[in-house]
Amino acid sequence: MSAATPPVSIARLAADLAARRVSAAELAQDALAAARAQTSLNAFVTLDDAGATAAAQAADVSLARGAAPALTGIPCAHKDIFCTDGVRTTCASRMLEQFVPPYDASVVERLKAGGAVAIGKTNLDEFAMGSSNENSAFGAVCNPWDPTRVPGGSSGGSAAAVAAGIVPFATGTDTGGSIRQPAAFCGITGLKPTYGRVSRWGMIAFASSLDCGGVLARSAEDCAHVLGAIAGHDARDATSVDRAAEDYVGALQQPLAGLRIGIAREYFGAGIDDAVAHGVRAALAELEKRGAKLVEVSLPNAHLAIPAYYVIAPAEASSNLARYDGVRYGHRCANPTSLEDLYTRSRAEGFGAEVKRRILVGTYALSAGYYDAYYLRAQRVRRLIANDFTAAFDTCDLIAGPTTPSVAFALGEKSGDPLAMYAADVNTVAVNLAGLPAISLPAGFDRGLPFGLQLIAPAFAEARLLTAGHALQQATDFHTRRPDADSHGSRRPGVPA
Amino acid sequence: MSIDHTTVRHIARLARLAVADDAVAPLARELERVLALADQLTTADLSGIAPMAHPHAQPLAWREDRVTEPDRADAFLALAPDARGGLYLVPKVIE
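Protein chains in written order, with the numbering used here: chain H, 1 to 497; chain L, 1001 to 1095.
So that you can see chain H by itself, here it is in the shape it has in the complex (with noise of 0.2 angstroms):
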């Protein structure tokens, strides 16, 4: 691919397919050929070649019977977090390296049921605990605009195999940007939409007050047509909100006058790069350009959102891997010699660095004589966070900043470092804490490296996001931009005329 032949819209695929000029058997080879032809960036954990070949004939089947569903017979991948029937669900560790479940998450059935072709299960941080997909059991990810850089996590599979044009789209999960932040890193769109809005059943516990299915896409016209499939209410999702989704592909031709965008100040502060700050302004102007408002908004508590988040989740992540016991699924060591030594071998055998300092301090945390100093607390500073974002959005409708401080750090960077690590998360946890939706949008270049523009929405205001992001998209091109060897490092960042 070169930048004179832009990337394929899911809406252009789904009208190829129709006519019949493409079928959706050809389009599952050629998107396994890619994986295949691009096996260095590690992206995938699993290529499952018969079910793709079999749901891709089944769509052509029903494809020429005509009335399809809106994504029949478009390829897609999922983060290997989400339980797919009869497909080994990794999660990136050695703990459930063997583990086939016996049945599809929510959104993979939502996904199956809508016409979609997966293609097979992408690579992330073992348990989608990390920023960098440094942390799998199976090996780091490389980032496809320079593969000596991380792609960005927890969903760095997802987010290579879209930037790489492996797939149009992809699943992934955010718990505190792990889709946002790689799609910033990858060039691509990623949309957190709001908790509850998207089943959790099916998919890997890590977080549970926090965790939350998405998309990542080529843009935010993609992301509409995929949230479309996959949102609205799950009678086995206790947290799914009962509320229909909405008409998202429709929201994207509303216009932005008036729209109020408050730019942050916090999200603008110290330890974000000043390419990255200018680019992102330099996008926001364009929105302006288009109808919006821009209006300075502040977060007073923005700064203790990092400390919150790395207190509650870890609390909650010691609490949901409680589960791995070595008994019912999963690794188990050899020759337990009594069931304490089950438990505790199997778990330290089956559990990577990262998850294991994770539930540490997770159990530290809720542990007797230290709950109220720790977890409490940061529960309570939850709330203030929280209550920010409610007060803010008193003055303006979407809030804006970089989606992370800097593009796509290089390999082996950070990885000796977990603190230096839990800062990238510094524009991106606080969304999950609040609940909110958020979408990042490609926003420029710095150095022929990608980066991207955070916008944030009150709860269930997925539509005005994607309102929003189209319009960013009518008027740069940074989204259609792909990386490639020629081009590599050469690229430099422009509005079209």
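By construction, these hints were calculated from the structure, which means they are not laboratory data. Keep in mind that a hint or two might mislead.
Far from chain L, by Cβ distances over 10 angstroms, these chain H residues were calculated [stated by the list, open to error]:
(1) E97
(2) S298
(3) P336
(4) A475
Among chain H residues calculated to face chain L with C-beta under 8 angstroms, some are [unchecked claim]:
(5) A205
(6) P307
(7) Y329
(8) T363
(9) A378
(10) Q379
(11) R383
(12) K414
(13) S415
(14) P418
Ideal Cβ placement from N, Cα and C applies to all residues, glycine included.
Given chain H's structure and the hints, the job is docking chain L onto it.
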């Protein structure tokens, strides 16, 4: 907050994680650093602020008390490292 080796072993025991002797000291240092980060929370004025456990104020969903899932015990037992006769097997607990 200084974390001693006894604390690391106690927390690891609560978390049911085997920790090798030579891993205790590095873990103590790592935990100290993360807890130092968490100690920044003490700078917040939390007077009158209730804990927030969850993003939504909605009450828990209730459903009718009836069976909605088919019996798939065999499919789930097949995932176990060791199961026989419809039971999960573990090392003997009672002598």
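Next on the checklist: Hints numbered earlier in the text: which of these fail when held up against the supplied structure?
Outcome noted: Structure breaks hints 3, 5, 12 and 13.
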